[in-house]
Amino acid sequence: MKSKEEVFTALKTILVDDFEIDADEITLEANLYEELDLDSIDAVDLVVKLRDITGQKIEPEIFKQVRTVQNVVDEVYALVSAN
Amino acid sequence: MIKINKIWRQFATIFCFSTFAFGSFFLSFLVFPLQRIFVSKNKRKRTAQLTVHYSFRMFIKLMSSLGVLKVDTLGVKDFNDIKGKVIIANHPSLIDVVVLIASIKNADCIVKNELFKNRLLKGVFDATGYISNSDPELLIAACKSSLDSGNNIIIFPEGTRSEKGRDITFKRGAANIAIRCRAHFLPLEISVSPSTLSKEDKWFSTPERKFDFVLKTNEEIDLSSYFDEPNLPLAIRQVTADVESYFKRKLQYNE
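Respectively, the protein sequence lines represent chains A and B. If you're matching positions, the first sequence starts at 2 in our numbering and goes up one per residue. If you're matching positions, the second sequence starts at 53 in our numbering and goes up one per residue.
Bound-form chain A, shown alone (with noise of 0.2 angstroms):
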């Protein structure tokens, strides 16, 4: 995963995928608890998918922080950019 796109589209298809979540509902913006109704227990699922993806470690602590699908974008793409 070259860019900060390409994140966005792999993040797009496990919350569609995995989480049932709908498509038109993942923007940017939206906020991860309240809009698309994730629960912390997702938020850990969630970490695994995108460590089984990217191959990176996440650690569990950094994604707490985490509220908006921006957030996690920044966040992955952070981490596979450093390696």
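By construction, these hints were calculated from the structure, which means they are not laboratory data. This list has only true hints and no planted wrong ones.
Dumping the calculated DSS-like pairs for lysine-lysine here, alpha-carbon to alpha-carbon at most 30 angstroms:
| no. | chain 1 | residue 1 | chain 2 | residue 2 |
| --- | --- | --- | --- | --- |
| 1 | B | Lys216 | B | Lys251 |
| 2 | B | Lys223 | B | Lys135 |
| 3 | A | Lys50 | B | Lys223 |
| 4 | B | Lys262 | B | Lys55 |
| 5 | B | Lys93 | B | Lys174 |
| 6 | B | Lys135 | B | Lys196 |
| 7 | B | Lys300 | B | Lys254 |
| 8 | A | Lys65 | B | Lys164 |
| 9 | B | Lys254 | B | Lys169 |
| 10 | A | Lys50 | B | Lys164 |
| 11 | A | Lys13 | A | Lys50 |
| 12 | A | Lys65 | B | Lys223 |
| 13 | B | Lys55 | B | Lys254 |
| 14 | A | Lys13 | B | Lys223 |
| 15 | A | Lys65 | B | Lys196 |
| 16 | A | Lys65 | B | Lys174 |
| 17 | A | Lys50 | B | Lys196 |
| 18 | B | Lys251 | B | Lys223 |
| 19 | B | Lys196 | A | Lys58 |
| 20 | B | Lys97 | B | Lys113 |
| 21 | B | Lys169 | A | Lys65 |
Heads up, incomplete: computed chain B residues facing chain A, CB under 10 angstroms, no partners named:
| no. | residue |
| --- | --- |
| 22 | Ser186 |
| 23 | Pro188 |
| 24 | Glu189 |
| 25 | Arg224 |
Each pair of labels, with its calculated beta carbon distance range:
| no. | chain 1 | residue 1 | chain 2 | residue 2 | range |
| --- | --- | --- | --- | --- | --- |
| 26 | B | Glu189 | A | Val81 | 21 to 29 angstroms |
| 27 | B | Lys254 | A | Lys65 | 35 to 43 angstroms |
| 28 | A | Gln57 | B | Lys251 | 41 to 49 angstroms |
| 29 | B | Lys95 | A | Asp53 | 41 to 49 angstroms |
| 30 | A | Glu21 | B | Gln304 | 19 to 27 angstroms |
| 31 | B | Pro85 | A | Ala24 | 53 to 61 angstroms |
The C-beta atom is built at its ideal place from N, Cα and C for all residues, glycine as well.
Assemble the complex: chain A is given as a structure, and chain B must be docked to it using the hints.
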């Protein structure tokens, strides 16, 4: 006559809840500290849970004998044989958990993290080792070890008391715990009539007549077909939707 009865129940309700507060204080500052001295570490949590179980039984007896309520536990005679189940119930009133803990001897509860800060109850939660919902991974691990040891876990899947006149909506925590810990649901229905001690009522408000608290048990819901589901988040959404509509059907039927 009706008026005198209401005044009596008003007085009795306030008396009962004062007793509850005093009882929590007494347990936290005298009974549990003594148990820490005299009970060996591996039996301490169990002893504290049994202490709460018997205290709540006494509390319910006190409320019934003063004429505040009448508790009817339909078909709930063999609660002591239940092991390793995730017990789920609707949540119409403040005393639901009190009746459930009074009825079920080996029960762990999941407690909202905010309540661990409640000064009156903190001592009780610390001693009984009731499970906090603050960290999802620790929560699942704690539930797993509780269920594996034969304890049951009480959860109100709504996460808070039901709102009057609104359809119940379930959060996904109960399904998450059951499926990830490979346990089954035991669904209980609670009905409180006339409605009192609900989210909208003040704790000291008194209904027009002595209220009936009915606890009804149902057939276990087998979840084994979901345990090995490769996509757990989807399975959990499915199970949550299914039990939510199961409860809606049951509760409508009761009205």
